[in-house]
Amino acid sequence: MNEQQKSALEAFSSGKMTAIELRRRFGGATYGDILLLLSELDLPLPRAPTMGREEQIRLAHSWMFPKHVP
Amino acid sequence: MSRKFKIFVVDTGPLITLAVAESLDYLLYVNADIIIPDAVLHEATHDAAHLGAQDIIVWMKAHRTHIEIAPTKAYEVFNAARATMPNLHIPDLGERAAVEVIEEPDRLLDDERGLLLCEETAVFKRIIVRDRERIVEISTLDFLRILEAEQCIQSAEYVFERASKAGRFPSRVTKMNEHDELTRRAIQELMKSNHHHS
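Residue numbers (our numbering), protein chains in the order written: chain A, 1 to 70; chain B, 1 to 198.
The hints are simulated quantities; they were obtained by calculation from the structure and are not laboratory data.
By construction, the Cβ of each residue, glycine as well, lies at the ideal position given by its N, Cα and C atoms.
Among the hints, a few may not be true.
[Claimed, not checked] Simulated restraints, written as ranges between beta carbons of each label pair:
#1 Glu-54/A - Phe-5/B: 16 to 22 angstroms
#2 Glu-10/A - Glu-161/B: 15 to 21 angstroms
#3 Tyr-158/B - Gly-28/A: 27 to 33 angstroms
#4 Gly-28/A - Lys-4/B: 14 to 20 angstroms
#5 Pro-86/B - Glu-54/A: 45 to 51 angstroms
#6 Leu-43/A - Arg-3/B: 36 to 42 angstroms
#7 Asn-2/A - Val-58/B: 18 to 24 angstroms
#8 Lys-4/B - Asn-2/A: 47 to 53 angstroms
#9 Thr-84/B - Lys-67/A: 24 to 30 angstroms
[Claimed, not checked] Taking lysine-lysine pairs in the BS3-like style, the calculated list, with each CA pair at most 25 angstroms apart, reads:
#10 Lys-4/B - Lys-67/A
#11 Lys-6/A - Lys-16/A
#12 Lys-16/A - Lys-165/B
#13 Lys-4/B - Lys-61/B
#14 Lys-6/A - Lys-73/B
#15 Lys-61/B - Lys-73/B
Required output: the full structure, derived from the provided sequences and hints.
Dropping the structure here:
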């Protein structure tokens with residue numbers, strides 16, 4: 001793995017690059033391949049920030065469990 | 001299979017993440033129809049040596065009545081092209097198929113609702129949801145956190161941690177390699193039965 005690929009994995013891990021772009025940079029790697037590479041570098045999976053999406057998530061929650069959400 | 005709430009798995013991320021964490025059944029904890037575009041399933045499983053592929057196929061076969069593999073034109077064209085170009089690879093095939101499925105006019109009727117389940121970075125970008133009243137997109141971790149809030153699972157973070165340590169379970173990767181041929185056949189069967197039903 002070269003330095004550019006390492007940087008790309010770090011960018012993905014911190015949510016700055018999409019999976020599809022990363023897969024393209026790795027010559028059509030699958031998402032599973034990406035998980036293996038992250039694991040190899042001990043990088044966490046990206047986490048989508050919830051800020052700005054609260055209403056969306058609340059709506060999803062209310063549809064998933066209609067009786068439980070006020 | 002016809003419930004008012006539908007979960008569309010719009011890319012391979014959620015399937016593979018959950019498969020690697022041995023948590024695919026969490027998708028069934030919600031009273032919803034699960035819809036997976038054919039090309040997304042293909043991308044996740046076409047090579048059994050890839051992480052999660054074998055688990056996804058086994059899970060699909062076990063829960064076939066709860067899960068719809070949605071046929072798409074994008075996959076049909078891709079499949080036809082593969083006859084002459086066996087190594088053909090279209091990087092965004094799954095996404096294209098997902099958009100096609102979501103935009104089908106009859107997908108959501110009357111008061112039906114749809115949840116688009118994406119991998120984490122996909123929620124930032126280009127899935128344009130036109131009907132915000134009835135369709136929202138969330139990430140795999142959002143989905144898991146909702147299950148955790150409802151006390152359906154113990155910890156969303158634990159599932160994610162397991163997935164991110166995927167490469168540290170070499171025995172699972174080896175096992176999948178050994179099942180390569182079996183998986184290939186299983187995928188073909190699933191796709192065939194899908195086309196018969198559509």
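These are the hints, each one checked on the structure:
1. Checked against the hint of 16 to 22 angstroms, the pair Glu-54/A and Phe-5/B passes, with Cβ atoms roughly 20 angstroms apart.
2. Here the CB-CB span from Glu-10/A to Glu-161/B is close to 18 angstroms, well matched to the stated 15 to 21 angstroms.
3. At about 31 angstroms, the CB distance of Tyr-158/B to Gly-28/A agrees with the hint of 27 to 33 angstroms.
4. For the hinted restraint 14 to 20 angstroms between Gly-28/A and Lys-4/B, the CB-CB distance of approximately 38 angstroms leaves it violated.
5. Distance hint check: the CB atoms of Pro-86/B and Glu-54/A are about 47 angstroms apart, consistent with the given range 45 to 51 angstroms.
6. Roughly 38 angstroms separates the CB atoms of Leu-43/A and Arg-3/B, a value that falls within the hinted 36 to 42 angstroms.
7. The hinted range of 18 to 24 angstroms is not satisfied by Asn-2/A and Val-58/B, whose Cβ atoms lie roughly 36 angstroms apart.
8. For Lys-4/B and Asn-2/A, the hinted distance range of 47 to 53 angstroms is satisfied, since their beta carbons lie about 50 angstroms from each other.
9. As the Cβ distance of Thr-84/B to Lys-67/A is approximately 53 angstroms, the hint placing it in 24 to 30 angstroms is violated.
10. Between Lys-4/B and Lys-67/A the CA atoms are separated by roughly 15 angstroms; this keeps the pair inside 25 angstroms, and the hint holds.
11. Taking the CA atoms of Lys-6/A and Lys-16/A, the gap is near 13 angstroms; set against the 25 angstroms cutoff, the hint holds.
12. Taking the CA atoms of Lys-16/A and Lys-165/B, the gap is about 21 angstroms. The hint holds against a cut of 25 angstroms.
13. A distance of roughly 23 angstroms separates the Cα atoms of Lys-4/B and Lys-61/B; the hinted pair therefore holds under the 25 angstroms criterion.
14. For the hint linking Lys-6/A to Lys-73/B, the alpha-carbon distance of about 36 angstroms lies beyond 25 angstroms, and the restraint is violated.
15. Pair hint Lys-61/B plus Lys-73/B holds up; C-alpha atoms about 23 angstroms apart against a cutoff of 25 angstroms.
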